[in-house]
Structures are given as structure tokens and as C-alpha cells.
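Take the sequence shown: its letters are residues -15 to -1, 1 to 124, numbered as in mature numbering (1 follows the signal peptide of the UniProt record, and there is no 0).
Derived from the structure by calculation, the hints contain no laboratory data.
Below, computed lysine-lysine pairings styled on DSS-like, alpha-carbon distance capped at 27 angstroms:
1) K115 - K66
2) K66 - K113
3) K47 - K113
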Amino acid sequence: MWWFFLISIAQTVLTTQDIRRVLNREEIRNLFHIDDDNSVPDYHFVNLNPARSKRSASVGSKTLHLEAFGKNLQLNLEKTKLTRPSVPLYSVHANSTGHLIYQLLEHEEPLGETYQDVDNQAALLIHKDKDGSLLYVSS
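Can you make the complete structure from the sequences, with help from the hints?
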């Protein structure tokens, strides 16, 4: 799960669209789940623009406007209950023989709130940091 926050931080730090200037090879391979760092898929850093809530909007919904890959998108996100303090989190990675290794992650700080837009096949995790800043992680 650390890579969720890593990409969020990289998103705010980058002045260029090239992630290779911020992350090392191992971090890139872990983030994109690739064996060769030349196989990085197309990605795009975006600025999120939360829309003001409408009174008619359901509780727990958010609307985000963003531009990615030259398209203007509007995400209508509904709150989900995927992350709770009692839900165990695991890190999964393959060893040299291809077997998956599962490691239980301890998380004392709340991870954040999860939202999804089923129609646009989008998911978002919003984490409020101790200093009040918001970190957005999406897929």
C-alpha cells in the first residue's frame, strides 16, 4: 500500500510527466508491477478539481472534474466501505520463482475513505494527513 502514497507524493512534486526522474528502478517496478522498467504503461498525472456539493447530492458522494490523456472527465464518486480499521491489509509480491508472498501490514493510522464511479470504472482513496493536507490515490 505504500506505493499509493508514493505516487500521490510524486504527483505533487513532479514538474514533468516523467516518473523516472523521481522514482528509482525498483520503485517503478513495484508501482507498475512490471519486470522491465522500460515497460512502464501510459500514465498521466492530473490535477483534481473537486466540485461543490449540491444539496440534492447523496451523502457520501463526490464529484471530481479532471483532464487526462486529452479528455475532460467528470467522476461521480460514491463512498464505499472498503477500508476500515478492522479490515486487514496485505502486501503481495512475487518471489524469484513466481510464488506470491503475502505480508500482513500494520496500519494504526486510518488509510482514508474510498470512493468509486462504476460507470467510469474509477476508484479513489482520499487520505487526510495529520497536517490537514489531502492525498488522493486513484486507479
